[in-house]
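A.B. asks: What follows is the residue order along each chain.
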Amino acid sequence: AQKITQTQPGMFVQEKEAVTLDCTYDTSDQSYGLFWYKQPSSGEMIFLIYQGSYDEQNATEGRYSLNFQKARKSANLVISASQLGDSAMYFCAMREGISSGSARQLTFGSGTQLTVLP
Amino acid sequence: DVKVTQSSRYLVKRTGEKVFLECVQDMDHENMFWYRQDPGLGLRLIYFSYDVKMKEKGDIPEGYSVSREKKERFSLILESASTNQTSMYLCASRSWTGNNSPLHFGNGTRLTVT
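Protein chains in written order, with the working numbering: chain V, 258 to 375; chain L, 461 to 574.
It should be emphasised that the hints constitute simulated quantities derived from the structure, not laboratory data.
Any given hint could be a false lead.
[As the list claims (entries may be wrong)] Restraint ranges, calculated between C-beta atoms of paired labels, are given here:
id, chain 1, residue 1, chain 2, residue 2, range
1, V, N315, L, E482, 15 to 23 Å
2, V, L374, L, R504, 29 to 37 Å
3, L, G476, V, S285, 41 to 49 Å
4, V, Q314, L, G558, 39 to 47 Å
Ideal placement from N, C-alpha and C gives every residue a C-beta, glycine not left out.
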């Protein structure tokens with residue numbers, strides 16, 4: 258089974274509007290972390306935001322916020338006031354087993370290609 | 461800022477060749493990773509290393525090996541390149557401390573095997 262599912266291969270949003278990119282995850286661990294990355298056409302992977310499974314508040318970083326719904330196992334990325342420079346591929350990722358200290362890698366979803374329209 | 465440098469941006473090799481992809485990080489990170497990225501599949505973990513001379517298989521290690529002789533350098537080796545190894549390869553590193561520490565990525569190597 259997929260551990261990270263991003264069901265939107267492509268999304269369009271008008272400049273200055275908000276957009277939500279979906280991410281659902283599957284884990285039996287109680288302690289885990291969720292990450293979002295942005296990959297522009299240049300290819301670099303840019304870390305955007307992190308949410309820990311025990312964090313009580315949704316993470317926010319500037320125009321990025323994470324809508325974390327633990328019971329639904331979803332961690333959607335919300336981008337407010339979209340800009341043309343937000344056009345990129347966005348990846349959701351998870352790190353499991355944090356409490357055990359044994360797992361350090363990230364498992365990635367298949368990504369969502371966001372296009373911001375002028 | 462953390463810098464992860466991959467030696468080649470683009471690489472073209474022939475089937476059967478031995479291929480080395482090099483990655484160097486400058487932040488004394490303990491953990492280093494190799495992923496490959498393919499359209500529709502996201503990033504898949506090939507190998508990772510949590511310390512010098514230590515390595516662990518990821519999800520798709522077949523056809524690959526790795527070497528970590530020094531802390532800052534993590535090499536991915538394709539023993540005998542095949543066309544199905546044509547892909548974008550991404551190296552990443554991470555500090556051991558902090559559950560929320562992200563992976564820091566290099567700019568990638570786009571490998572074409574003909």
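A.B. asks: Are the hints correct? Go through all of them and say.
C.D. replies: Taking the hints in turn, this is what the structure says about them:
no.	hint	result
1	V/N315 <-> L/E482: 15 to 23 Å	39 Å, violated
2	V/L374 <-> L/R504: 29 to 37 Å	31 Å, holds
3	L/G476 <-> V/S285: 41 to 49 Å	42 Å, holds
4	V/Q314 <-> L/G558: 39 to 47 Å	18 Å, violated
In this structure, the earlier hints numbered 1, 4 are contradicted, and the remaining ones agree with it.
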